[in-house]
Amino acid sequence: MPAALGALLLGGPLVALLLRAPWIALPALLAGPVVLPALGLSLGTALASTAICLLVGVPLAAALAGSDGWPLPLRRAARALVATPLVLPPVIGGIALLLLLGRTGLLGRPLLAAFGIGIPFSTTAVVLAQAFVGLPFTVLSVEGALRGVDPRFPAAAATLGASPWIVFSRVVLPLAAPGVAAGAVLSFARALGEFGATITFAGSLPGVTQTLPVAAYVALTDDLPAALAIAVLLVVVSAAVLVSLRERWLVGLRP
Amino acid sequence: MTRRPLAVVLAAVAVLALAGCAEPASDAAPAATASATASASATPTAAALSGTIVVDAAASLSGVLPPIATAFEQAHPGTTVRLTFGGSSALAAQIVAGAPVDVFAAASTKTMQTVSDAGLAAAGPVVIARNELEIAVPPSNPGKVTGLADFADGARTIVVCDAKVPCGAAAQRVFALAKVAAKPDSYEPDVTSVLNKVELGEADAGLVYRTDVLAAGGRVKGIPFPEAAKAITAYPIAPLKGSAHSALAAAFVDEVVQHGAARLRAAGFLGP
Amino acid sequence: MSGALEAVLGVRRGAFTLDVRLELAPGTVLALLGRNGAGKSTALAALAGLTALDTGRIVLDGHVLDDAAGGRLVPPERRPVGTVLQSAALFPHLTALDNVAFGLRTAGASREAARHRAMHALERDGLADLADRRPAALSGGQAARIALVRTLVREPALLLLDEPLAAIDAEQRPPLRERIAARLAAFPGSTVLVTHDVRDAAVLADEVAVLDGGRLVQRGPLAALREAPASETVARLVEG
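Taken in order, these protein sequences are the chains called A, B and C.
Each step along the first sequence adds one to the number in this note's numbering, with nothing skipped, and position 229 is 229.
Position in the second sequence (first residue = 1) + 255 = this note's numbering.
Position in the third sequence (first residue = 1) + 527 = this note's numbering.
Below, computed lysine to any residue pairings styled on SDA-like, alpha-carbon distance capped at 20 Å:
#1 Lys485/B to Leu525/B
#2 Lys438/B to Ser122/A
#3 Lys438/B to Val208/A
#4 Lys438/B to Gly118/A
#5 Lys476/B to Thr104/A
#6 Lys365/B to Ala418/B
#7 Lys438/B to Thr123/A
#8 Lys399/B to Glu454/B
#9 Lys438/B to Pro206/A
#10 Lys485/B to Gln427/B
#11 Lys476/B to Leu455/B
#12 Lys399/B to Gly116/A
#13 Lys365/B to Leu224/A
#14 Lys399/B to Leu112/A
#15 Lys438/B to Leu205/A
#16 Lys438/B to Gly207/A
#17 Lys399/B to Gly118/A
#18 Lys438/B to Glu482/B
#19 Lys496/B to Leu338/B
#20 Lys399/B to Arg109/A
#21 Lys496/B to Ala377/B
#22 Lys496/B to Leu375/B
#23 Lys365/B to Pro527/B
#24 Lys476/B to Ala404/B
#25 Lys438/B to Pro37/A
#26 Lys399/B to Ala113/A
#27 Lys365/B to Val351/B
#28 Lys438/B to Val34/A
#29 Lys399/B to Thr104/A
#30 Lys496/B to Thr335/B
#31 Lys434/B to Pro481/B
Everything labelled a hint here was simulated from the structure, so no lab data went into it.
Treat the numbers as computed from the prediction; the structure is a model and nothing was measured.
Excised from the complex, chain A in its bound form (with noise of 0.2 Å):
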């Protein structure tokens, strides 16, 4: 009975949103104008944050996993702060890369001033903003699946002469392939669904910064079809994108 509660309460939105959805006019109103571009976008900058995710996140999952030596404090301190972007609402996320990458910001005043680079309001922002919700997705996935690496098999890599970064890539992050794939999926889901912290920190321009998402919310205002059109467009793309990712990345990391 709570599975099916459950099932509803992630269904039910889901089956009422395709139902409203306004099939007959769908393709006139996904071939608008504000749609293909915004679709673009969104796919390029969620691939460009779950590359970043992986990039940074990796790393630092491996730093957890390997941070039971630590002192407990700094352990939580570790913890909390990869679970902040988890907790904070995406606008406030968004207000808090404005603070540190801003024109007038902890970072981005001196990135201004010294290489005139401003990143808000670019397509960098999106992307910024992205990687910076989804990180949490990678990182704790990842942390779980080293975690659950059988710890024969890295000292079994030592004892054969292999240098502890050619065990961590060779042996550990293969072994944990799965893990890092699942958050990856995670971080991409995540990064497609972005609008709080997108639209705070990269505001909303079509073509530079006008994701899926805020094209959705901008729609919603004045043109609830067009923002149910763009609704299942993006469901329809997660789920493609997830299911063909999870296939490919999966297929021959199983022994």
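Could you slot chains B and C onto chain A? The hints should help.
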């Protein structure tokens, strides 16, 4: 007993689903849920005003309505007015989609029109105030903005409301009137977002309402411009159909129409 | 012949203390016999470099591998020591061939050269037809033999075997024991074999060292220990 909580949960789920994309306005969802619970359990009493009403209002009214609501609650013990502020187009979309709301106050007649067109207005909307745009710049005015013409400069960081929301529609009108080819860096979903970006110093200039500049105190500087007078927005208010406390909703609308004028003027609004 | 070992192994783990002196002549096989928790695996981990000594030192063929007092610790990957861990511990994501090639790649061989030599080593032990299999598709006995090839192909001076037959079905043990014995006979280095089964020691080892409570209680040829066990524990361990 088992069926009703489930129905409430389902209603909440539906509301959450509809509000799903609307994160800045997401506090609307819990408020709406609370009202669904209240209207499901409250026993309607005939004469005396009592109960809880949900009032959705344009973000720019957020400085004015709370004291009016408090005064109303004190004048009518046993009543509660739950205020939700957001982009008025987003609020209208939620109302049209079935969010349980008793009173709606919009930042444009066009937005109110979507609600009355859906047959949801219980009485004709009444305009309670008018507002006009003003340029907002950070206090130090780093972009050295002097007028609307500076909005065409690609080197300055410019933010305005999206044309789909009232403040954005007004912005497009003043640009057309001033023959300025504006090059915004972002079309924000509501006027609060525009104001925030100016306040944080991320934008050199934004177009907001005169009342927003006043409410922000010294945190932004306002620059009036002549075209604003030709793109004035109206604020209509209306009680909504389907309210479980329609008498209370009508009474609150009356209160705002009859006694809100002074507060609205003090906040910088123009008379109706 | 190589593998001359002089070791004083001191490791503290909470209430447990390992304190064992081990000497090994080149080319010999020593069985560490003992009950669970006697300190056998800890001693092996210290020799392998997976556990650092708290006291004592390890010298192999004149090279100091670990010296608690002198602050010298050679990490496992730089020791001329080969270790076969319990249950073979073949990498599940690699084929048998790539498992064997792994330790050659770490020694600097190209992928091609490593695979070539690995294939050759598998052929020599009659395991070539298993080269393309993943560990999940191998029997316990096959995995144990491939793990031994994987370790020996690196030509270590000292070979460490941790319960090589523990995970094997009882009826498969005797033939596998014979194969390992044959393989050890051709191995020029010395070997430390950890086991709780005296039959392993009887077939594979030149000498037996009995550990109990982290201490070496008796050492000598198995026959000598059977003849004159130093304690009740030794007597029980070496009987059969």
